[in-house]
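In order, the protein sequence lines correspond to chains A and B.
Final position of the first sequence in the working numbering is 255; the numbers increase by one with none missing.
Final position of the second sequence in the working numbering is 562; the numbers increase by one with none missing.
Check before you lean on any hint, since a few could be wrong.
[As the list claims (entries may be wrong)] Here are the simulated distance ranges between beta carbons:
hint, chain 1, residue 1, chain 2, residue 2, range
1, B, 154, A, 194, 50 to 58 Å
2, A, 90, B, 196, 49 to 57 Å
3, A, 140, B, 294, 46 to 54 Å
[To be verified] No farther apart than 27 Å at their CA atoms in a straight line, the calculated lysine-lysine pairs in the DSS-like style are these:
hint, chain 1, residue 1, chain 2, residue 2
4, B, 181, A, 179
5, B, 15, B, 181
6, B, 398, A, 68
By construction, these hints were calculated from the structure, which means they are not laboratory data.
We treat Cβ as the ideally placed atom computed from N, Cα and C, and that holds for glycine.
If you want the building blocks of each chain, they are given just below.
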Amino acid sequence: MSEILVKNGFVYDPINGINGEVLDIAVKDGKIVDPSQIDLSKALVVDARGKVVMPGGIDIHSHIAGPKVNLGRLMRPEDHYLTNRPHDLPRRRAETGLTVPNVFRIGYDYARMGYTLVVEPATPPIGTRHTHEELDDIPVIDKAAFVLVDSNWLALDLIAEGSRELLAAYLAWLLSATKTYALKLVDPGSDVAWVITGRGVDLDEQIPVYNITPRDIIREIGSAAQMLNLPHKLHVHCNRLGYPGNYLTTLRPWR
Amino acid sequence: MQGISMEGESKWSTKYFDAVAFAEMNPGDISALRLRDRVKVHNEHGTVILRVKPNAKIPRGQVFVPMGPWANMLTDPNTDATGMPRLKGVKVFVEPTDEPLTTLTDVLKLLGAKNLEVYAGDAPLKTGVRRVVENVVCPFCGDLCDHLVLELDGNKVVRNTGGCAISSAKFLNYHKHRILKPYIREQGGLVEVNLDKALDKAADILVSSKYPLIFGLSNTDVEANKYAIELAELTHGVVDSTSVFCHGPTALAVQEVGTARCTFGVAINLADLVVFWGSNPLEAHPNHVARIVLREGRFVKGRKERMVVVVDARRTPTADQADLFIEVEPGRDYELLTALRMAVRDLDIEAPLVAGVPRDKVIELAEMMRAARYGVVFFGVGLTMTGAKYRNIVALIKLVHELNEWTKFCIIPMRGHYNVTGADQASLWTTGYPYAVSYARGFPKMIIGVTSATDLLASGDVDSALIVASDPVAHLPRRAVEHLAKIPVVVIDAKWSLTTAFADVIIPGAYAGIECEGTAYRMDDVPIRLKKIVDPPPGVLCDSEVLGRLVDRVKARMRCGA
């Protein structure tokens with residue numbers, strides 16, 4: 001169906017200052033058009049009387065796919081015992097899981113809530129093919145992913161030796177090779193510190209072997225993102241992740 | 001040897017017979033029983049006459065019979081509600097005999113095979129143009145080596161550099177002993193048909209069944225797995241993979257206590273202690289030691305900075321290369337793991353001997369583990385299949401959790417089939433469960449010991465079976481295989497497996513990783529893209545394409561929109 005007319009809904013469109021007016025919204029070939037351009041004999045007409053019509057929701061941070069999500073599914077069989085909805089084929093596959101739903105429920109539930117784009121915000125490069133496999137199997141919604149570079153040994157080497165352009169080139173290659181949309185830092189430097197010394201690091205602590213600080217990682221990867229003119233610059237979970245009161249750590253790099 | 005004979009020729013060959021139809025016994029037992037060249041091995045499940053081979057490494061009172069249909073005449077279908085049949089530690093009687101050796105035909109007839117015809121052919125080769133393909137991924141074991149260099153003459157693989165002996169056997173013989181045409185069974189014999197007719201018959205079988213079993217899937221790509229799961233969902237059947245009798249117990253343990261995992265990269269670059277428990281990579285995963293143990297990493301300068309420990313029920317070739325070998329009494333790993341957990345916490349171990357291991361050795365290993373900077377435990381079916389089964393893995397994971405209070409430790413299961421990990425992963429994101437998933441009620445449900453393949457077959461619960469790239473007749477206990485003789489069976493495979501003797505429909509499939517692209521998951525959960533090196537034989541489709549067409553046909557028959 002290339003023509004759709006959604007009639008009589010309460011329309012909310014903050015960008016255009018429309019705040020709950022009753023309007024008709026027309027879609028032709030994937031674009032919103034003036035309702036006069038719609039051929040009513042061919043169009044799908046939806047009566048949205050009493051309902052809200054709004055732009056699709058965008059969730060830029062929801063862990064919906066990849067190795068960690070699937071490990072969660074493996075570890076929580078009890079999450080699938082009482083949360084099932086049988087399939088209604090061919091329209092709907094079976095749904096299961098509440099805290100870690102299967103791919104079908106993730107897509108259907110987001111669509112039911114009015115979302116059209118959801119972003120998986122942390123995928124390790126080596127596992128990103130897996131992330132894409134799950135994203136591919138999530139129905140209905142659009143998806144994207146951010147690639148993790150917070151303890152990437154190659155990136156840390158380049159930061160430590162001050163090779164700014166090479167760092168930007170490497171990150172550009174990584175984004176392209178993993179088909180991801182933005183760079184993500186989670187507790188920068190702590191993963192590498194953990195595998196070497198068994199503990200994470202705070203914002204201004206030295207990272208063993210590399211002799212740089214998490215603050216250096218945030219600054220340098222942020223500059224590289226700026227150099228690459230990425231649309232979504234940098235997605236950061238600051239250090240001391242998971243410690244109560246860590247909002248203070250999160251505020252520090254802003255100063 | 002088993003791997004090479006399977007990949008080189010087929011299970012119908014004398015090589016396979018020579019590789020699996022024998023009983024290894026201690027020379028002392030052989031002379032005490034006055035055995036000459038053969039032995040009668042029997043228990044309540046069956047009887048086989050096997051060639052006897054002396055092997056001083058086998059403890060007295062034990063018989064080793066390799067996995068295969070001969071061993072399975074004796075194995076116990078009872079899975080103790082774990083889905084894992086008792087394939088090791090089975091009680092048997094042995095006695096001298098003059099009766100003829102049990103042949104493959106004898107075994108298949110005893111199991112109720114529907115036909116013994118094999119129309120194996122070689123895929124047509126066209127030589128002339130020589131080329132080299134680099135960075136080829138090996139679709140054999142869970143190591144998924146991705147550094148192979150293949151030299152081809154036309155579509156014949158003439159040289160495999162970087163691959164192990166099994167990998168070479170697979171690539172150099174990929175074209176041999178193939179299923180080249182579809183067949184259906186009519187009036188007791190196999191009749192060659194076109195693909196449409198075979199797919200129609202297969203779809204009819206699935207649609208007219210109340211509870212079909214879709215099984216195998218570890219030797220094909222993730223794309224094929226997704227269609228297989230969809231088929232189970234459409235037909236309200238069950239989908240299960242060979243995980244169920246390899247590392248299924250590992251998944252059950254993770255469900256109970258979580259896990260601590262890492263990738264090969266971490267093992268190579270950081271591990272200064274590598275433990276192989278119940279696994280013998282030098283024979284089953286031949287490149288594993290060179291790739292991980294010997295390799296120089298960023299923080300570990302190769303083997304000289306890396307201690308290797310082997311814990312196994314017998315002294316394997318891998319054990320011969322270890323810095324410390326601990327011989328555990330078969331089936332008693334759980335006790336040893338418990339003692340190790342005690343030693344790690346400095347608790348007193350009262351017994352001087354635990355599971356056949358002197359207390360001092362237990363303490364020595366615990367000390368090594370605590371002192372390691374980064375330890376990785378690679379564990380195999382020697383741990384998942386025996387004794388306490390999944391409880392062994394629960395104990396191992398708890399040990400590793402506790403060691404992480406001292407240092408850093410993780411586990412990697414030594415997965416056998418090249419994409420058994422991918423089968424688990426695809427099943428998890430689609431159904432929430434790793435394997436043994438029933439759609440009887442229109443939604444996924446895993447009830448281990450009930451919805452697992454051996455249990456379903458042994459108790460006669462399924463009324464048809466679709467076997468994809470797997471050979472349950474060579475792997476499952478007798479009582480489970482006998483049910484395949486009673487129900488309609490569809491087989492999709494590249495070579496003539498023993499299960500084709502029980503098939504009503506046989507559909508050829510091309511090899512993923514040789515003739516088809518696809519994704520497979522390495523044993524450390526890392527997905528690797530398999531390459532297409534040559535075209536499939538004429539008229540032969542990739543498994544994913546065969547299954548996709550089957551999904552369309554089943555949908556059309558169920559009137560839910562093709």
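To see whether the hints hold, each was checked on the structure:
Distance hint check for residue 154 of chain B and residue 194 of chain A: the Cβ-Cβ separation is about 51 Å, which falls inside the suggested range of 50 to 58 Å. Under the hint 49 to 57 Å, the C-beta atoms of residue 90 of chain A and residue 196 of chain B, about 22 Å apart, miss the expected range. Checked against the hint of 46 to 54 Å, the pair residue 140 of chain A and residue 294 of chain B passes, with Cβ atoms roughly 49 Å apart. Distance check on the hinted pair: residue 181 of chain B and residue 179 of chain A sit about 40 Å apart at the alpha-carbon level, beyond 27 Å; violated.
At most 27 Å may separate the alpha-carbon atoms for a hinted pair to count; residue 15 of chain B and residue 181 of chain B meet this at roughly 25 Å. Taking the CA atoms of residue 398 of chain B and residue 68 of chain A, the gap is near 20 Å; set against the 27 Å cutoff, the hint holds.
Hints 2 and 4, counting from the list given before, are not met by this structure.
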